[in-house]
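Chemist: Now for the letters of each chain:
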Amino acid sequence: MVLFQISEPGETQVQRQHHLAVGIDLGTTNSLVATVRDGRAETMINAQGDHHCPSVVRYFADKPPVVGQEAKDAAYQDPLNTVASAKRLLGRGVADIETTANKLPYEFSKSESGTPLIRTVAGDISPVTVSADILKTLMQQAEADLGGELDGVVITVPAYFDDAQRQATKDAARLAGLKVLRLLNEPTAAAVAYGLDSGSEGVHVVYDFGGGTFDVSILRFSRGVFEVMATAGDSALGGDDVDRVVAEWIMSEASLGDDIEHSQLRRVIGEANRAKEALTTADVVPLSVEGVNGSQWLGALTRAAFERLIEPLIQRTLRPCRRALRDAGLSAADIQDVVMVGGSTRIPRVRECVGEFFGREPMIDIDPDKVVAVGAAIQADILVGNKPGDEMLLLDVIPLSLGLETMGGLVEKLVPRNTTIPVVRAQEFTTFKDGQTAMSIHVLQGERELVADCRSLARFELRGIPPMNAGAARIRVTFQVDADGLLSVSAQELTSGVESSIEIKPSYGLTEGEVEKMLSDSLLYAEDDVKKRRLHEQLVDSARLIEAVEAALGMDGEGMLTKQECVSIKAALQSLKDVQQQGEDIAAIKAAHDKLERTTSDFAARRMDVHINEALSGKLLDQIID
Amino acid sequence: MGSIFSKDYFALFNLPVAYDLDHEVLTRRYREMQGMIHPDRFVNATEKERRVSVQLTALTNEAYQTLKTPLTRARYLLQLRGVDIDDSVTSKDIAFLTEQIELRERLEDVRHSADVEGELLKLGGELQSRLVGLQQTLQDVFLDESPDALEKAHRLYDEMQFISRLNDELDEIEDALD
Numbered sequence: 001m002v003l004f005q006i007s008e009p010g011e012t013q014v015q016r017q018h019h020l021a022v023g024i025d026l027g028t029t030n031s032l033v034a035t036v037r038d039g040r041a042e043t044m045i046n047a048q049g050d051h052h053c054p055s056v057v058r059y060f061a062d063k064p065p066v067v068g069q070e071a072k073d074a075a076y077q078d079p080l081n082t083v084a085s086a087k088r089l090l091g092r093g094v095a096d097i098e099t100t101a102n103k104l105p106y107e108f109s110k111s112e113s114g115t116p117l118i119r120t121v122a123g124d125i126s127p128v129t130v131s132a133d134i135l136k137t138l139m140q141q142a143e144a145d146l147g148g149e150l151d152g153v154v155i156t157v158p159a160y161f162d163d164a165q166r167q168a169t170k171d172a173a174r175l176a177g178l179k180v181l182r183l184l185n186e187p188t189a190a191a192v193a194y195g196l197d198s199g200s201e202g203v204h205v206v207y208d209f210g211g212g213t214f215d216v217s218i219l220r221f222s223r224g225v226f227e228v229m230a231t232a233g234d235s236a237l238g239g240d241d242v243d244r245v246v247a248e249w250i251m252s253e254a255s256l257g258d259d260i261e262h263s264q265l266r267r268v269i270g271e272a273n274r275a276k277e278a279l280t281t282a283d284v285v286p287l288s289v290e291g292v293n294g295s296q297w298l299g300a301l302t303r304a305a306f307e308r309l310i311e312p313l314i315q316r317t318l319r320p321c322r323r324a325l326r327d328a329g330l331s332a333a334d335i336q337d338v339v340m341v342g343g344s345t346r347i348p349r350v351r352e353c354v355g356e357f358f359g360r361e362p363m364i365d366i367d368p369d370k371v372v373a374v375g376a377a378i379q380a381d382i383l384v385g386n387k388p389g390d391e392m393l394l395l396d397v398i399p400l401s402l403g404l405e406t407m408g409g410l411v412e413k414l415v416p417r418n419t420t421i422p423v424v425r426a427q428e429f430t431t432f433k434d435g436q437t438a439m440s441i442h443v444l445q446g447e448r449e450l451v452a453d454c455r456s457l458a459r460f461e462l463r464g465i466p467p468m469n470a471g472a473a474r475i476r477v478t479f480q481v482d483a484d485g486l487l488s489v490s491a492q493e494l495t496s497g498v499e500s501s502i503e504i505k506p507s508y509g510l511t512e513g514e515v516e517k518m519l520s521d522s523l524l525y526a527e528d529d530v531k532k533r534r535l536h537e538q539l540v541d542s543a544r545l546i547e548a549v550e551a552a553l554g555m556d557g558e559g560m561l562t563k564q565e566c567v568s569i570k571a572a573l574q575s576l577k578d579v580q581q582q583g584e585d586i587a588a589i590k591a592a593h594d595k596l597e598r599t600t601s602d603f604a605a606r607r608m609d610v611h612i613n614e615a616l617s618g619k620l621l622d623q624i625i626d
Numbered sequence: 627m628g629s630i631f632s633k634d635y636f637a638l639f640n641l642p643v644a645y646d647l648d649h650e651v652l653t654r655r656y657r658e659m660q661g662m663i664h665p666d667r668f669v670n671a672t673e674k675e676r677r678v679s680v681q682l683t684a685l686t687n688e689a690y691q692t693l694k695t696p697l698t699r700a701r702y703l704l705q706l707r708g709v710d711i712d713d714s715v716t717s718k719d720i721a722f723l724t725e726q727i728e729l730r731e732r733l734e735d736v737r738h739s740a741d742v743e744g745e746l747l748k749l750g751g752e753l754q755s756r757l758v759g760l761q762q763t764l765q766d767v768f769l770d771e772s773p774d775a776l777e778k779a780h781r782l783y784d785e786m787q788f789i790s791r792l793n794d795e796l797d798e799i800e801d802a803l804d
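Protein chains in written order, with our numbering: chain A, 1 to 626; chain B, 627 to 804.
Isolated chain A, as found in the complex:
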């Protein structure tokens, strides 16, 4: 482990260590990884020479899972142990997927926390684990290519993903041993790749119709700032559904019932998928599937018939487009251009309808499959610190309103949809019984008035409220949505100043304990590997902290610290450097790291305040502007 070289301010900039970072498009059907090399962002190819890794994992009883094309090829012969489109199950409850599930060729069971598990020969597998296995494969591919361990990744998620789906994605990354720099919304990533490439300022629409999700985002791009004005979508609508309606049509034409076997259903869906792709250019495509009693059914699908079949799906994408325009306070005429992203935008009729809706030709000159990963790589490169001084900034929004359950099963909105993140909102509660020391808060996400119609995110149990008369306690609960779009909650009783402890029960996710257990389970059969990775993560984190503290000391140490403070910080810094140098004892490094964090906490707060105030005092800010 080489320590990063630090340049003192004022000194000539020494060559900074190049940090290894990638952007990952974790898609429903395909996943991609991209990186910035010599200033150019590009998708990386795997050992087979492919840019795409099918998001398919095949599980075995006696050996590690196989990910990608090989797994996809085995889907027909081993449908129950081969998991595709796991992204559609991420952050969902068993009840959610019942409608989808009878269309998915797996067998499900239910975890303790109510999330669906897929029955395989390797045991019951969580969608989070499937996603983690895909991420691991991409990580190994990237590390082999870049020749070192990754310092951080940006993973893209559909803009319309709710909190549970985002959290599940982050859990998957954690299981895979990745350091997530940011969860980035897919359309925003596409806009970055497209906007930086074309340099065209103005209002852009990104229409992202992928394998399993649909998003539309309206962004304003100006002077390096991408500001999302509104986003809308459907996190369960994609190319999979196109395949499904075609498959259903084939089944009805071939007189196949709903009770066909998993493997045959897979074949029919495969045939539907092939037909869809062929109809991008062909006017008619011949079809062949195994019919009743082993006979062969032969048929054909014309483009016109195909377009009639999928028309309702296309219409379903236009509703969110209307809503996004309305939320942004714009009309179609205000839009400068429409960028098409996602494999489903290859369908000519989709392009036609989108063109008609926005009254202009959509942009199709970029590769709709790669643009998201490329945008993520650009963002990862900046966030990991390879481009100091870069002015690019992404201002994103929360896609769905956050609210709290109130009396009578109603939802009171706390953060409306399309609010720029991060956002912090506080709400005061009181007790309604004498001596009450605990209370429960139910957080929901969605636009409807009734609790039953919104998505339950979590129940927060507040404990440790000091006993008082009913109505006397004033508990301020603070909801914070960070730059990843993830919610966290804290609470304080105001009259006593007592912090209440919060126990979070996610409605559709893994609890902290479950994630820890999955991590330690994976440790069982890959102990060395996971240990090594954890140590690496800790070393990277600590190297960053050392870098940050040294820079801060160099800049402000003299002006803002007393002698005593300076001595303590330098001592804590040296302790961390010492254990870091040995680079073996993860517990000791962690302890020294935490000590340094604590010792510098006040200094950090002081610096932020002083610098921002300086900047705000007027002159500096206006100099920057003019």
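None of these hints come from the bench; they were simulated from the model.
Beta carbons: idealized from backbone N, C-alpha and C, even for Gly.
Hints may contain errors.
Stated by the list, open to error - Below, in silico cross-link-like pairs of lysine-lysine (DSSO-like), each with a Cα-Cα straight-line distance of 27 Å or less:
1) Lys531(A) with Lys63(A)
2) Lys694(B) with Lys413(A)
3) Lys694(B) with Lys387(A)
4) Lys563(A) with Lys179(A)
5) Lys590(A) with Lys694(B)
6) Lys563(A) with Lys674(B)
Claimed, not checked - Quick look at which bits of chain B chain A covers, simulated, 3 or more residues with Cβ under 8 Å:
7) 675-681
8) 686-698
9) 761-768
Following the hints, complete the assembly by docking chain B onto the known chain A.
Modeler: Showing chain B alone in chain A's frame:
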């Protein structure tokens, strides 16, 4: 110079405390501030700095949204001038109350009309121009800092808020159409 968290929203963007504000300057300063404080700029900083960055960015977002929107800007300015705004108190202005009832009835008519979309557009347009008119008046009233003017500003704000809420409900009807 106090902590940035204790500044009023206008001071945060280095703007004079006034209802009439230069939107271009507001947006420009907001973006410049975001460029300095956004969590993306602190990915590699200490945990404390990352936390402060999130809070500060959230504050700036809140301040920007509040000042950008005419209705919330009016509310904020009234609060700064010591007006206690209680949303649960209904107006005593009979003419306004009568108008509220009329407008509510019209909204219900829209909901049940044969041509919902057309009627939405019509009522929406009326409400919009009404809002623009109110803003104009409010702008002048806010220039005067006498107690009478403040009282009047408060009344105008109440009207604006009512009309805005109706407008939101129209949006909800439109949402439900899809």
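Chemist: Would you list, in rising numerical order, the hints stated earlier that this structure does not obey?
Modeler: 3, 4, 5, 9
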